[in-house]
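Novice: Residues per chain are reported as follows:
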Amino acid sequence: MDLRFSTLSELRTALDAGMVSAQELAQDYLDALEADRLGVALALDPDRTQEQARAAQRRIDTEPAEGRSPLVGLPILHKDVIVTEGWPTTAGSKILQNYRSPFDAELVARLAGQGMVCLGKSNCDEFAMGSANLHSAYGVCRNPWDPTRIPGGSSGGSAAAVAAGLAPAATGTDTGGSIRQPAAMCGITGIKPSYGRISRWGLVAYASSLDQAGPMARSAADCAWLLTAMAGHDPKDSTSLDLPQEDFGRLLTEPVTPAASPSQPLKGLRLGLPGQYFGPGLSESVRGAVEAALSVLRGLGAECLEVDLPRTELSIPAYYVIAPAEASSNLSRFDGVRYGHRSAHAQDLQALYRNSRAEGFGPEVRRRILVGTFVLSHGYYDAYYLQAQKVRRLIAQDFQAAFAQCDLIVGPVSPSLAWPIEASQRINDPLADYLADIYTLSASLAGLPGLSMPCGFGQPHSGGPDLPVGLQLIGPQFDEARLLGVAHRFQQATDWHRRCPPAPGSAGLSFTSEQVVASPSKGAH
Amino acid sequence: MAWELVIGLETHVQLRTASKMFSPASTAFGAAPNTQAHPIDLALPGVLPTPNKAAIEAAIRFGLAVQGQIAPRSVFARKNYFYPDLPKGYQISQFEIPVVSGGQLAIVLQDGTQGDILLTRAHLEEDAGKSIHEGLADFPQGSSGIDLNRAGTPLLEIVTEPVMRSAAEAVAYAKALHGLVTWIGICDGNLQEGSFRVDANVSVRPVGSQTLGTRCEIKNLNSFRFLERAIQVEAARQVELIESGGTVRQETRLFDPERDETRSMRSKEDAHDYRYFPDPDLPPLVITQEQIDRVAASMPALPGEIRARLMADYGLSAYDAATVTSSQPSYQYLAAGLSALASLQGGVTSDRVKALVNWIMGELASALNREDSPIEASRVSAAALVGLVLRVEDGTISHKIAREVFGLLWEGSFPTADAAIEAKGLRQIQDTGAIQAFVTEVLAANPKMVDEYRAGKEKALNALVGQVMKRSAGKANPQSVTDLLKAQILG
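These protein sequences, in sequence, are chains U and B. Under our numbering, the first residue of the first sequence carries the number 1, and numbering increases by one thereafter. Under our numbering, the first residue of the second sequence carries the number 1, and numbering increases by one thereafter.
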């Protein structure tokens, strides 16, 4: 039986029916992760995973199904910027090599409390800084649809693992698009909730005012289960929203709009299309899939109208001032004094700081620390940091104005398909990478929920297999349930989310890491 | 040239809370190193700060006590710099919008001069840990240790305007502030343990000048004596420097009490760029009027109010009233005395209160000073002191004998003044016959003095009184002695 591409609800059925045990399920994924050549996982501990699986199976065997969490016994992979007591947490950085947290992140504890079985930790860009997973100190991660290409980032390992059937679900974090963009590039579903929905306790901080964790899975329905378990007020996080517990899956069954009917489940839903998300920067292969998806949504009864998000372009400079500013301060704690990498070549305190940090941080992290330090410096603060904060408020106002006209905003996630690893490493153009974040940064800056789901495939003009394209839904603050309800209706009408990449070693694409590195590729973005 | 001294003080008041400013770790002093360091204090990856409600309430108490403005919305900011005892690489403080703005604190100098010291602000922040460079016997030579027990301890930094003009004023302010923060219960006031640390900004300028001179900041003065001395020697240094043609450099200096001098610690050029920015982990600190009202309802009567009442009701001088209300224990001592008086015949009178206060500020204060004890540890209770005051008042003993009785009470030999007077036979001799005998003796022995007095030298009479007192072992009533002497000489 191949359960590896099943949704969480299918696995739930299999577990409850006794078709498979939690241990067997966990082992199946562990075996797949052990054999993985994509580089999705950083830390596995089969004994510990099995320990959790046994405990979960006991709950399945002893607790009545009624009232038991739907997540008991389901495996999950955690992004490595989320601390775990049982598995090392490196944040993809050499500076935290072998670091073990004495506590679990709040969201990890909540999912474990629901009986989820941790498979291990997933690869990611160092400290979640990157959009290609090329900035991990522990090696690149590859896109299962074309292993010569990036999986997106920074939650690249999580996205690739789910897409490749190496985990049925994973957690990610999204500061400027790090859940949505890799979900799009790998063809899975992911949601970045409203800022404050999920406790940040235990997230290795990148940019505190933007960081938000979220689920990545095979369907909107799966994400709804996970989000319901992960979200909720946490007094340990002062920025966590103090709102009543919510069932984020309620609009999977209840009507999304008052006018909804069985044939027109999205009737009365007003979808706003910002002109700025469909400009000349959008690649044709992505545009094609997105427009086809819009037709599907119209077919389901949704009404599409144009909205204006005039400051979309400014989200890039605003984000790349605010996020590095916060990062420069957040990462000061990695100083070689108490834990983490300490330089062996330090004669005095200054050298200890300089060398430990220079040896421990990768180039992209160093770049952002430098930028952040600069924009906070005396004499530059007003011109950069304060100005960026003003722009941030204006961007939030633009969304408010748009949501006066429409219920949700819809558009692409990324302007391009997953790009080739080799070309990206060769060209090394950070600015080009930053510009590719254009459709995801605004929602982060405004603290709004954003969902990414597969909506088709595009043909890379540099050749190679067709690659997944993601559709982004952005909602008003706290409107996650509607985003998931709409995505679910779309997924009921389409099967993009059920497509599987060719399995390595099977009839599909076969590759080895040597071949992948040597394979020729041309810039696609 | 005449120089004017300009002083502003910044005081770090450690708040008396059970747990730290942003973590649940204990703030108790003296535990083994690093046993009171929560993952938040260690700045482990993934931790977040949660503000301590008790610390916020303490800030509100202070704001109310100094009539400052309590910000309905203040902002925690990060002050970024690297140091091994600063685990996060930044200190959470308040920068642009502090929790308390303005306010004032009344001071009274010994000569009776009164004034209000204007406050700039008071803000909440967390303390750093401690670097330990000595006593690390188990480690290689040259090792430094880090103790993070103190890291994250809540502080209220209270900043004055540069309004003080002498070391004496600065000390009076520091003492008044110390009295107030302990009075309202937000600080334990322990100077040795660093619960109350003063930084002094000192500059000098020619008398009459309106512009401020370049200032130097003297860090971490943890006693009133050091504060006074540091200001004096620093001011002298600056004046000498300017008068010999030099200029004062803005810098941070340390006071070395051993060598009685201040020393440069770092100059302005080495000053950090702290890159302050609002802490994104902490939403603005919102304080509602209801919260302020709740705290206000729990405030004790403040020393200023009590001081005014003591002056109005009993005619105490401003300085005396300020001294006896300088701390809760000091005022509690007086209050115990007042209630002892109230239960006695004649009750609380202005004369009695003044006499009691004189004893508290005189004999009692020196006895406490000698033993370096706080007033709450006084070996003479307020009730016993009142007993002593009454015996002077009713003439049972002279003031001179009363001091002897105080000494007996202090030694603990007797529970009350009456017991001491009886046992030691110190009661004044009221029997004129007995005194008359001494007078006759003294007059016979000092004919020369008698002549002098007759010639108009008043001083001679005093000497004769002294002789009689001596013969009576101090127990004769001095007034009776004087009367009898006069009567016999002039008689």
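Calculated from the structure, these hints are not laboratory results. Don't take each hint at face value.
As the list claims (entries may be wrong) - Derived BS3-like pairs (lysine-lysine); straight-line CA-CA distance at most 30 angstroms:
(1) Lys448/B x Lys354/B
(2) Lys79/B x Lys53/B
(3) Lys219/B x Lys53/B
(4) Lys424/B x Lys457/B
(5) Lys457/B x Lys354/B
(6) Lys175/B x Lys53/B
(7) Lys236/U x Lys219/B
(8) Lys236/U x Lys424/B
(9) Lys53/B x Lys94/U
(10) Lys470/B x Lys486/B
(11) Lys94/U x Lys470/B
(12) Lys390/U x Lys486/B
(13) Lys459/B x Lys470/B
(14) Lys400/B x Lys457/B
(15) Lys459/B x Lys448/B
(16) Lys486/B x Lys448/B
(17) Lys448/B x Lys470/B
(18) Lys236/U x Lys53/B
Novice: Run every hint past the structure and note whether it holds.
Specialist: Against the structure, the hints come out as follows:
1. Lys448/B x Lys354/B: The hint is violated at about 41 angstroms.
2. Lys79/B x Lys53/B: holds (22 angstroms)
3. Lys219/B x Lys53/B: holds (29 angstroms)
4. Lys424/B x Lys457/B: violated (36 angstroms)
5. Lys457/B x Lys354/B: violated (33 angstroms)
6. Lys175/B x Lys53/B: Holds, at roughly 27 angstroms.
7. Lys236/U x Lys219/B: violated (35 angstroms)
8. Lys236/U x Lys424/B: Given pair Lys236/U, Lys424/B is violated - Cα atoms ~69 angstroms apart, limit 30 angstroms.
9. Lys53/B x Lys94/U: Since the Cα atoms of Lys53/B and Lys94/U sit roughly 38 angstroms apart, the hinted pair is violated (cutoff 30 angstroms).
10. Lys470/B x Lys486/B: holds (18 angstroms)
11. Lys94/U x Lys470/B: Given that 30 angstroms is the threshold and the Cα spacing comes to 90 angstroms, the pair is violated.
12. Lys390/U x Lys486/B: Since the Cα atoms of Lys390/U and Lys486/B sit roughly 93 angstroms apart, the hinted pair is violated (cutoff 30 angstroms).
13. Lys459/B x Lys470/B: Since the Cα atoms of Lys459/B and Lys470/B sit roughly 17 angstroms apart, the hinted pair holds (cutoff 30 angstroms).
14. Lys400/B x Lys457/B: Holds. Lys400/B to Lys457/B sits at ~25 angstroms (cutoff 30 angstroms).
15. Lys459/B x Lys448/B: With a Cα-Cα distance of about 13 angstroms, the restraint between Lys459/B and Lys448/B holds, given a limit of 30 angstroms.
16. Lys486/B x Lys448/B: Cα-Cα ~15 angstroms, so holds.
17. Lys448/B x Lys470/B: Roughly 19 angstroms separates the two Cα atoms, so the pair holds.
18. Lys236/U x Lys53/B: holds (14 angstroms)
Against the hints set out earlier in the document, violations occur for numbers 1, 4, 5, 7, 8, 9, 11 and 12.
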